[in-house]
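S.K.: Sequence:
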Amino acid sequence: MMGTKVFDTPAAAVADVSDGATIAVGGFGLCGIPDALIRALVESGVGDLEVFSNNCGVDDHGLGLLLNARQIRRVTASYVGENKEFARQYLAGELEVELTPQGTLAERLRAGGAGIPAFFTPAGVGTPVADGGLPWRYHVDGSVAVASPPKETRAFGDKRYVMEEGITADFALVHAVKGDTAGNLIFDKTAMNFNPLAAMAGKVTIAQVEELVEPGELDPAQVHLPGIFVQRIVETGPQDKRIEKRTVQATEGAAR
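So in the UniProt record's numbering, spot 140 of the sequence shown is number 140, and the numbers just go up one at a time.
Treat the hints with caution; some may be incorrect.
Mimicking DSSO-like on lysine-lysine, the simulated pairs with C-alpha atoms at most 27 Å apart in a straight line are [claimed, not checked]:
hint: 1; residue 1: Lys178; residue 2: Lys189
hint: 2; residue 1: Lys178; residue 2: Lys203
hint: 3; residue 1: Lys5; residue 2: Lys178
hint: 4; residue 1: Lys241; residue 2: Lys178
hint: 5; residue 1: Lys159; residue 2: Lys178
hint: 6; residue 1: Lys151; residue 2: Lys5
hint: 7; residue 1: Lys151; residue 2: Lys203
hint: 8; residue 1: Lys151; residue 2: Lys189
hint: 9; residue 1: Lys5; residue 2: Lys189
hint: 10; residue 1: Lys84; residue 2: Lys203
hint: 11; residue 1: Lys159; residue 2: Lys5
Just so you know, the hints here were simulated from the structure itself, not pulled from any lab data.
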């Protein structure tokens, strides 16, 4: 370790993540995911993890690597995506999954980071999201082992709202294009997605950055997340930017 926040390697930065830890992970699909930190967790062998993330990567990249290694016990997410192993583990009763509306998940992370224990939202009112009964875990025979409980609803004016709880996690893993040694971060375009929210929700937030600079080198007006939310930072160089699903159109006259 070279400083109070700077770590030499992703492995060193996640070394104290222990079995059973809760982890908020930034990214959307494969955009802006903390891939180096995730790989370090895979290599550490830590298990029984509970993850809060918009989705769980794909079979061979991102959080999909932790899934394949059976290191995740529970996932709170809004999207299953192209991850076949995620779906298989869930339907086979090997993984507990809480599916949450995307905007609600984003606000739950932001609320947790802001010290707000709960909030009311119209999203999900009149559906199993509020009424309960969503299958969180299945038995091997396909029957429901654990179902979501009903949530408090309340009327404000002439509309009903459901109460959702803020999320905090033991650790948060995020990716930024640039950061300084004080932990101030800049995200690249849509890679902002869930990264600032996950960072706010973590008690210990670990950021991998493509480029690390000294304090004062970042324009304060360009900083997306202040260093107060970041406890550890590691420089990983340019990210391997994978495409989750490639769709191409055949050119005219090409063989079909």
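S.K.: Hint by hint, which ones does this structure get wrong, listed from lowest number up?
M.R.: Structure breaks hints 5, 6, 8, 10, 11.
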